[in-house]
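Keeping the supplied structure of chain A fixed, place chain B upon it in accordance with the hints.
Each chain, letter by letter, is given below.
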Amino acid sequence: MSDQFSQNHYNQNLYRNPKQNGFASAALLMGIIAFFTMLFVIPPLIVAPLGIIFAVLSRGSEKKIPAPGKAGIGVCVAAFTISLSITVYTLTQVIPNINMDVLSEYQEKISEGTVTEEDIRNLYEDLYTPDD
Amino acid sequence: MKNMPANQADWSYMKKSSSLKMLARTRLTGNYGTSVSLTLLTGGILLLINYLENIFTRSYENLFAAYIFNTAVSVLFGAFSYLITCGYTYFFLNLCRNKELNISNLFYPFRKHPDTFIITFLITFAINWVITLPFDFFRIYYILHTENFLSISIITLICQLADYLATLFITLGFALAVPIILDNPFASSMEALKSSWRMMKGNRWQVFYVTLSFIGLVILCVMTLGIGLLWVTPYMETTSSLIYLDIIGELDNLNPIKESSGTQEMNPEFYS
Numbered sequence: 001m002s003d004q005f006s007q008n009h010y011n012q013n014l015y016r017n018p019k020q021n022g023f024a025s026a027a028l029l030m031g032i033i034a035f036f037t038m039l040f041v042i043p044p045l046i047v048a049p050l051g052i053i054f055a056v057l058s059r060g061s062e063k064k065i066p067a068p069g070k071a072g073i074g075v076c077v078a079a080f081t082i083s084l085s086i087t088v089y090t091l092t093q094v095i096p097n098i099n100m101d102v103l104s105e106y107q108e109k110i111s112e113g114t115v116t117e118e119d120i121r122n123l124y125e126d127l128y129t130p131d132d
Numbered sequence: 001m002k003n004m005p006a007n008q009a010d011w012s013y014m015k016k017s018s019s020l021k022m023l024a025r026t027r028l029t030g031n032y033g034t035s036v037s038l039t040l041l042t043g044g045i046l047l048l049i050n051y052l053e054n055i056f057t058r059s060y061e062n063l064f065a066a067y068i069f070n071t072a073v074s075v076l077f078g079a080f081s082y083l084i085t086c087g088y089t090y091f092f093l094n095l096c097r098n099k100e101l102n103i104s105n106l107f108y109p110f111r112k113h114p115d116t117f118i119i120t121f122l123i124t125f126a127i128n129w130v131i132t133l134p135f136d137f138f139r140i141y142y143i144l145h146t147e148n149f150l151s152i153s154i155i156t157l158i159c160q161l162a163d164y165l166a167t168l169f170i171t172l173g174f175a176l177a178v179p180i181i182l183d184n185p186f187a188s189s190m191e192a193l194k195s196s197w198r199m200m201k202g203n204r205w206q207v208f209y210v211t212l213s214f215i216g217l218v219i220l221c222v223m224t225l226g227i228g229l230l231w232v233t234p235y236m237e238t239t240s241s242l243i244y245l246d247i248i249g250e251l252d253n254l255n256p257i258k259e260s261s262g263t264q265e266m267n268p269e270f271y272s
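In order, the protein sequences belong to chains A and B.
Under the working numbering, the first residue of the first sequence carries the number 1, and numbering increases by one thereafter.
Under the working numbering, the first residue of the second sequence carries the number 1, and numbering increases by one thereafter.
Since the hints were made in silico from the structure, they are not lab data.
For clarity, every value in this text was computed on a predicted model and none was experimentally measured.
Do not take every clue at face value.
What the hints assert, rightly or not - PhoX-like cross-link-like pairs, simulated, lysine-lysine; straight-line CA separation at most 20 Å:
1) Lys16/B / Lys63/A
2) Lys99/B / Lys112/B
3) Lys201/B / Lys16/B
4) Lys21/B / Lys63/A
Bound-form chain A, shown alone (with noise of 0.2 Å):
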């Protein structure tokens, strides 16, 4: 289907909108709030599509996005792509290794109330268990 009317033709006062939407900024604060709770996993990963979406919205009657749409668009990108990473390290690096008998035995202990202070300091070497 051919679009018969070019842009020229158009009535150009229907693309002429005064009012200015906030969607830059809040694409910008979305970028900001999922940079800074990056290391939180999750929050990054809900709070960064939201403002690309905003960021996407915030251009209104102008073909491109503002530019703090497009600085939040980056850093939104960045955090979610950071986050990502963290996740997927985290699952497939961190977690396989964790020895899970040793886990077992410390839950144990500190339901029993016997988990002494030096078990506490080895908890770290005990739990992790690195690929040879």
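For chain B alone, coordinates are given in the frame of chain A:
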């Protein structure tokens, strides 16, 4: 609808997807507050209806009885959902025409000729049901007479895909029925459906393409656990309303922002 093109050939063009979406964003600017509130309310009502439907839906040992009963429950609750979604469409049609907007637009179909909307829903539901019935029966028959899990999975997948394609074809054909009834309250359901089918000829792929162009945003919405839909759904719905206005030739005559066009004029003679 004064601007309805006189002959069918005039309906087979549409503006570019990007132009329609830009116009949708322009129209929404300054109206996001009301649109998001309405979307939240609509979502809440539809979730409640869905929850009630799930309560009433039951599983029987007799598959046929379960199928009949659950279809009846789906029709009953689906009619309510349909009226709500028609009200939602009415709101965005008003937004595109720069008319007065309020939350009560959502309940407009309950006040004005709800029977026409319900009959339209029943007809489209029946058509969809009849078209997908052979696939459903074939699937059930196959499940009952085969024990191979892999072949059941493949047949189920193929039947569902065929169901989906048939439903898509019908849905696209009747996509304009609701706005036609909203514009012409005196039109009957059949007239609206027939007009929609005629007007969509040559426009189906473009409408499908425009709808598909939102897939990126919808994927992002899924990642936000649905929060993003509060802003994206109004964007999609406004674009759909603009498609309708474009097809009937009213788009170029729309009022610019801040110029009220007054009350919508009805045209009972349109179908005569």
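Here is what the structure says about each hint:
1. Lys16/B / Lys63/A: Holds, because 14 Å separates the two Cα atoms, which is no more than 20 Å.
2. Lys99/B / Lys112/B: Judged against 20 Å, a Cα distance of about 18 Å means the pair holds.
3. Lys201/B / Lys16/B: Satisfied, since the Cα-Cα distance of roughly 17 Å is no more than 20 Å.
4. Lys21/B / Lys63/A: 10 Å, holds
In the structure shown, no violation is registered for any of the earlier numbered hints.
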